[in-house]
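K.L.:
Residue numbers (the numbering used here), protein chains in the order written: chain E, 1 to 246; chain R, 1 to 332.
For the record, the hints were derived by calculation from the structure and aren't laboratory data. Ideal placement from N, C-alpha and C gives every residue a C-beta, glycine not left out. Heads up, none of these hints are tricks.
Only some residues are given here: those of chain R computed to face chain E with a beta carbon under 7 angstroms:
(1) 200
(2) 203
(3) 210
(4) 211
(5) 214
(6) 217
(7) 218
Distance condition first, Cα-Cα at most 35 angstroms in a straight line; then the derived DSBU-like pairs of lysine-lysine:
(8) E:126 <-> R:223
(9) E:229 <-> E:132
(10) E:132 <-> E:25
(11) E:225 <-> E:132
(12) E:225 <-> E:25
(13) E:57 <-> E:229
(14) R:223 <-> E:118
(15) R:223 <-> E:57
(16) E:225 <-> E:57
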Amino acid sequence: MTVLELQGVSKSFGAIQALSDVSLKIEPGEVVGLMGDNGAGKSTLVKIVAGNFPPTKGTLSIADRQVSFHRPSDARAAGIEIVYQELALCDNLTAAANVFLGRELMRSFGPIRILDYKTMYERAGKLFAELKSETRPRDLVRRMSGGQRQAVAIARTRLSDARIVLMDEPTAAISIRQVEEVLSLIRRLRDHGIAVALVSHRMPDVFAVADRVVVLRRGEKVADKPTAKSSPEEITGLITGAITTA
Amino acid sequence: MAITLEETISRQVHATPLSWILSRHTFWVFMAAVAACIALTLATDTFATERNIFNVTRNFAFVGIIALGMTAVIITGGIDLSVGSVVVLSAMITGMTMAGGGSIWLAIPLALAGSLAVGLFNGLMIAYIGVPPFVVTLGTLSVARSLAMVLSDNKMVYQFGPDHELLLALGGGSTFGIPHPVFALAILGILTGLAFRWTRLGRHIFAVGGNEHAATLTGIPVKRVKILVYMFAALTAGITGILEVGWLGGVTTNLGQGMELNVIAAAVIGGANLAGGVGTAFGAIVGAALIEVIRNSLILLGISTFWQGTFVGSFIIIAVLFDRLRASRTNE
Ligand SMILES: Nc1ncnc2c1ncn2[C@@H]1O[C@H](COP(=O)(O)OP(=O)(O)OP(=O)(O)O)[C@@H](O)[C@H]1O
Ligand SMILES: [Mg+2]
Chain E
1 MTVLELQGVS KSFGAIQALS DVSLKIEPGE VVGLMGDNGA GKSTLVKIVA GNFPPTKGTL
61 SIADRQVSFH RPSDARAAGI EIVYQELALC DNLTAAANVF LGRELMRSFG PIRILDYKTM
121 YERAGKLFAE LKSETRPRDL VRRMSGGQRQ AVAIARTRLS DARIVLMDEP TAAISIRQVE
181 EVLSLIRRLR DHGIAVALVS HRMPDVFAVA DRVVVLRRGE KVADKPTAKS SPEEITGLIT
241 GAITTA
Chain R
1 MAITLEETIS RQVHATPLSW ILSRHTFWVF MAAVAACIAL TLATDTFATE RNIFNVTRNF
61 AFVGIIALGM TAVIITGGID LSVGSVVVLS AMITGMTMAG GGSIWLAIPL ALAGSLAVGL
121 FNGLMIAYIG VPPFVVTLGT LSVARSLAMV LSDNKMVYQF GPDHELLLAL GGGSTFGIPH
181 PVFALAILGI LTGLAFRWTR LGRHIFAVGG NEHAATLTGI PVKRVKILVY MFAALTAGIT
241 GILEVGWLGG VTTNLGQGME LNVIAAAVIG GANLAGGVGT AFGAIVGAAL IEVIRNSLIL
301 LGISTFWQGT FVGSFIIIAV LFDRLRASRT NE
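So here's chain E without its partners, still in its complex pose (with noise of 0.2 angstroms):
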């Protein structure tokens, strides 16, 4: 079973060719470093899968399906998760509520549903916990760190049961040993069957966790082979085009 298939999908805004004819397969449990150039076309590869917005050609097939995302919820029905580049946070609420940001948890107070803070503080901070993240659910998010902030973005991947958790740049702002956290992280996705796409320009850690690297250049997908048979130097070729073709 294919967990996530594109078919020769193709994006573009306006005169920009964002993406052209990508056609790209991950399997359950497998991880995916997806790398390229600034520009090269992985957060719109990422933002077309999570229903941002949909592609100008081709298909998307999930678990062997093909969907048509209209809006970010209709991809988290099907068991995507998303951590974006821009992390998505809003600066003037607080740790745990942009973690349940668009899925508050909601508790019955008579005959109307208010929101649960408890609950969702208690979950937030165990989240974060789990993150080994310094992390405080009440916190403002205004007043964080660039890595608590990450932290934040990827404690959201784990509110509920994942198929494909997309990460675009998930530890560009963050230190040594939360990147460690976040590797480990996602391992623990894979053994856990759930399939991973980590978005990353750091090389180390691609070839630490990913089974296979996708590269884009000029939104053409140039390379897709296992890290095993790759090597960074190859891989640093096809990324600037100094390698034509894998």
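With chain E held as given, fit chain R with the ligands onto it using these hints.
P.N.:
Just chain R with the ligands now, kept in the frame of chain E:
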């Protein structure tokens, strides 16, 4: 490693309730309003009279009710300039319906429906077409007042048919010595405050104002949230319109003119941040109280009413300056 998970989860941002209160913007505005009242009581023998207090609280209620709706709009990062015109439109629909022999039970739903229609239009244009709130609501400011003029042929309405007395009692009467508009303000204030803090919609209103892009990415129905806040603002203006007819005992088409400014000032003084993401229901009410006390003091101290605009306008600017100052200090 002395800190347990439980301690982290329950860790409050403020050490004691007192430090929490002292850090609240609303608390200081509240103290300013109280101080102004005390000063006026001592300085004049006209402020603390029953008649004057009665008038001040009722005026303050009208501004306060709409400031609640305005605060919701401002939290999402928007602004609604049309509220003053919605007041007159709602008042005129009420007046004309009742003057034509319609019952008050027909007039009120019609007036509220008319108000909500303006809010819906504002919201649709802002959420779906992406027209800046300032532009859309400036347009409806003109349209709604003009519709009120068309409706009444720009005449004063002061005969309200069979339910005349009921309408006057509704807006102008009082129960247990408290004017009815103050009851309306209290009820709406409590409901708004609860909705802000305890409902999913409330949470989403803050999220949209905090980071609209993030709200969209996380699947919050941003467009629906925006439409709802403009409809809520229009609803508060509509309710005020109905109550004001009853209080004044008549409607003319200049009712509510320039009111948007007092309302925005009340919301902003109450701590709503025009950049979005911040605001409270209680703040809106306290802000309205402070504005009304200051306005009243100008009258009682014999200062020309021509100065009122200067005060209200300066208040808005000063409140925004304070926000800027605070923002730059926290960024350092
Ligand atoms: N919403 C948008 N509207 C217009 N153009 C866009 C939009 N999103 C992305 N683009 C363009 O599409 C191209 C691919 O962008 P994308 O964000 O996918 O790159 P990326 O590979 O994630 O780069 P980076 O490593 O810098 O994050 C860029 O040229 C970008 O300017
Ligand atoms: Mg990117």
